[in-house]
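Since the structure of chain Z is already known, use the hints to place chain B with the ligand on it.
Those sequence lines, one after another, are chains Z and B. By the count of the numbering used here, the first sequence reaches residue 203 at its end, each step adding exactly one. By the count of the numbering used here, the second sequence reaches residue 672 at its end, each step adding exactly one.
Hints listed in this document are in silico derivations from the structure and should not be mistaken for laboratory results. For clarity, every value in this text was computed on a predicted model and none was experimentally measured. Be a bit skeptical, because a hint or two may be false.
Below 27 Å or equal to it, Euclidean Cα-Cα: the simulated BS3-like pairs (lysine-lysine) are [claimed, not checked]:
{"hint": "1", "chain 1": "B", "residue 1": "K296", "chain 2": "Z", "residue 2": "K45"}
{"hint": "2", "chain 1": "B", "residue 1": "K462", "chain 2": "B", "residue 2": "K515"}
{"hint": "3", "chain 1": "B", "residue 1": "K515", "chain 2": "Z", "residue 2": "K45"}
Derived DEER-like restraints, expressed as beta-carbon distance ranges [what the hints assert, rightly or not]:
{"hint": "4", "chain 1": "Z", "residue 1": "I64", "chain 2": "B", "residue 2": "E85", "range": "30 to 40 Å"}
{"hint": "5", "chain 1": "Z", "residue 1": "A25", "chain 2": "B", "residue 2": "P644", "range": "42 to 52 Å"}
{"hint": "6", "chain 1": "Z", "residue 1": "M139", "chain 2": "B", "residue 2": "G469", "range": "46 to 56 Å"}
{"hint": "7", "chain 1": "B", "residue 1": "E287", "chain 2": "Z", "residue 2": "N131", "range": "35 to 45 Å"}
Note that beta-carbon positions come from the ideal geometry of N, C-alpha and C, so glycine has one too.
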Amino acid sequence: MTRRGRILLAIAALLTIAALILPLWTVRLVAPQYPEGLGLAIRTSTVVGLKPGDLLSINELNHYIGMRVIVPNAIPELAWMPKIVAFLAAILLIAAAFGSRRLAAAWCVLAVALAAAGIWDFHRWEYDYGHNLDMANAIIVIPGMSYQPPLLGSKQLLNFTATSWPASGTLALGGAMILVALAAADRKRTSRRPVPIVPAVPHLAGTPA
Amino acid sequence: MSLSRLSCSLIVASAVAATACRTPAPQDLLTGDAARAVYVAPGHYDEFYAFLSGGYSGQVAVYGLPSGRLLKEIPVFSAFPENGYGYTEENRALLQTTYGMVPWDDTHHPELSQTNGLPDGRWLFINGNNTPRIARIDLTRFETDEIIQIPNSAGGHASPFTTGNSEYVVSATRFSVPVPNSDVPIADYKERFKGTLSFVRADQPGKMDIAFQILMPGYDYDLGHAGKGPSDGWFFFTSYNSEQAYTKLEVNASRNDKDYIAAVHWKLAEQCVKDGKAHRTPAEYDHNYVDEKSRIAVTERKHSVLVLKPEDCPGVVYLIPTPKSPHGVDIDPTGEYIVGGGKLATVIPVHSFTKMQQAIAAKAFDGDLDGIPVLKYEAVLAGEVQHPGLGPLHTEFDGKGYAYTSMFISSEVVKWKLGTWQVVDRAPTYYSIGHLMIPGGDSRQPWGKYLLAMNKITKDRYLPTGPELDQSAQLFDISGGKMRLLLDFPTVGEPHYAQALPASLIRARQVKFLALAGNTNPYVARSEADGGITRSGKAVHVKMIAIRSHFAPDNLEGVMLGDTVYFHVTNIEQDWDIVHGFAVLGMNTANLILLPGETRTLRWVPQEVGVFPFYCTDFCSALHQEMQGYIRVSAPGSNVPLTANTSPKAATQQARMPMNHGSMKGAGR
Ligand SMILES: [Cu+2]
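Excised from the complex, chain Z in its bound form (with noise of 0.2 Å):
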């Protein structure tokens, strides 16, 4: 791998360091009497309130409808989510000193698969939180009515508009994966089997692109 590689991945490598501090998701709500917003923030290790009081505030209101109280230390992912990325950040790392493309490529593969079942998760767990409603001492009751909160993109809940965005967090891993990607696609031009400047395949090479 040559050194342009080993350095994308060593950025790829902070970026994903990064990301187990910043926020990879943000829900926010706005209601007639919350002209300011209430907001949550997802991290890899908890959640927390955009501003101080935003989640008790949350967890407030969502009593009335039979939700669940959210609780960051009772969410198991919140207690996985760090160490796979971590680990994730690892890998990158040796990946980097070894200049090995092929772990490189291998990240590649595992980063795209464990974002999906994150963002399956993340569905899944938004599912539950909406519909596993507390009927019994839910408040206020509208027949039909869960309170699913949107994966992206605004949607109308009661009084509130809830939108939700992936936060700089996911950005940062995206980026992640795009320098990764580049790296292990970034072949060494002195390797032992030279790269052919003509192409293996001589009736392709005046195929237009």
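This is chain B with the ligand only, laid out in the frame that chain Z set:
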């Protein structure tokens, strides 16, 4: 008074009477765009916060300018059942004095804290005029946090004017009294009665302290203002009754053609005190302040004060003769001019600080009074504003070279130019204007856009409300050459004086809720699981949380007649403007209003056996009406166990609570 002056004043009086009788027709306002100038569209903010004293209501009222909309009443010296101020166990101490709890006062002069001679939006100080006190209001929360009593003082009128960095706020006594107060024949007034000027250290919350008092001749002291720029380090106080009359002052204190402005070199006084020239003198007074974290007020009794006699610190005080019975003393933004408002004077005298320094150096004295040099009037005078109207009281400045003086008797604002002393404009007020206020108008750099006149009498301005009518404020646009009346609006209590500053200076620092994590009240309940009931002798302590839309615990039993119940209620919300209330049937103190994150305690002594509901008094949520509970009071000696059950939601609490019989079935047997 010379004959020429007298006749001149009569001419002015009749001229003014002629103009004042012509109330402008309403069209005068409608044809202009006054309404647009004060209209703040829905959802928009006012440009300024104005803090108006509430006079004998003991409070401060906060208005937006230019709209004149009332934003809030801040209780300061008066107990305020609306939110429990003065009634809760946490803040009763704020109203403690050596006379016991004094739950009212007469607030006169709001004063914004300053940095480098400019209002900075940290605090508002205000005086209690009746029982001399100075309060500090924290402007991040609009709440009274500290009150200090002023000893050796009676009538804290000249108070609490501030130095340029709020090192000190002052309090000069309106009434001279024996110092220390004692059983003295009133006829011995001249020999035995003294005035005091108190310098109160004010630059640190919770630490107000009377740094020193200066013992003055037995006059009445009225108002004061600190110097600035070249006159920084000096303070100026008006006095009247240099006749030292003690009966029928109306006549007997109005005989002298001139009384005095006392020029006090406070930096020198500070030095003399440091050099040990002041005497520690017994004096009892209370200092009350709120502990920042627990939000509990405490009282500390102090037993002495440092008193400085002018003769022990030469050069610390000079008297400047000023016509006649001066009320206001105002320093222009440059710090050079000292404007006296002689309420019986026919001119507005303006003294020059430079000339005062020269007169002191040249010893241009007219003798001395009680060892205090009296400067020659002409040696200090910069100029006199001729024919200003009748009853000049107070002057504020627009920062553009003009001064505006309120005329009590002729009910008008008079605009005049500094330096030329020429009157350039006058505007009638309705009626009997006392103070006037320009945002920052007593500071180094006024925001000279609006002027607020504060009037005592409002006949024919509003719908009548019985024998007592509202008092009023009137807003003028002073951005152009001519004053233009924009608005008048009724006020809370007597709007004695006011201060204002740009809203941005306060909004940026607003506290939206108190951090529950930082609440160190010993009875705080941070979650439903923290709630409970305990007995210690005849005192029953209930720890309770309030959150939308319930209290926890919500049913209390085992209280007996003869017990004293302490409801320690914590609003555990952490959300802006989610306030909860608390009140019990028959509560003979007040209700509680609890800010988010705050703990307050109400003491309740049940008067009879029975079941008493309590409820939230603040419409907090859709289920506000459901936010309630019961307390059961049993006969003395009955064996009802002490229990506090909770909403079913707080199931986790059950383990921690005392045994809870039939908790889900309500307060039955
Ligand atoms: Cu409530």
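Review point. Given the hint that B:K296 pairs with Z:K45, does the C-alpha gap stay at or below 27 Å?
Key: holds, 21 Å
Review point. Regarding the pair B:K515 and Z:K45, is the alpha-carbon distance no greater than 27 Å?
Key: holds, 11 Å
Point to revise | Distance restraint hint 30 to 40 Å, applied to the beta-carbon atoms of Z:I64 and B:E85 | key: holds, 36 Å
Exercise for review: Quickly compare the C-alpha distance for B:K462 and B:K515 to 27 Å and report which way the hint goes.
Suggested key: Cα-Cα ~41 Å, so violated.
Practice item. Mind checking the hinted window 35 to 45 Å against the Cβ distance between B:E287 and Z:N131? Key: violated, 58 Å
Point to revise | C-beta pair Z:M139, B:G469: status relative to the range 46 to 56 Å that was hinted | key: holds, 54 Å
Practice item. Starting from the range 42 to 52 Å, see whether the pair Z:A25 and B:P644 falls in it by beta-carbon distance. Key: holds, 44 Å
When the structure is compared with the earlier hints, violations turn up for hints 2, 7 and for no others.
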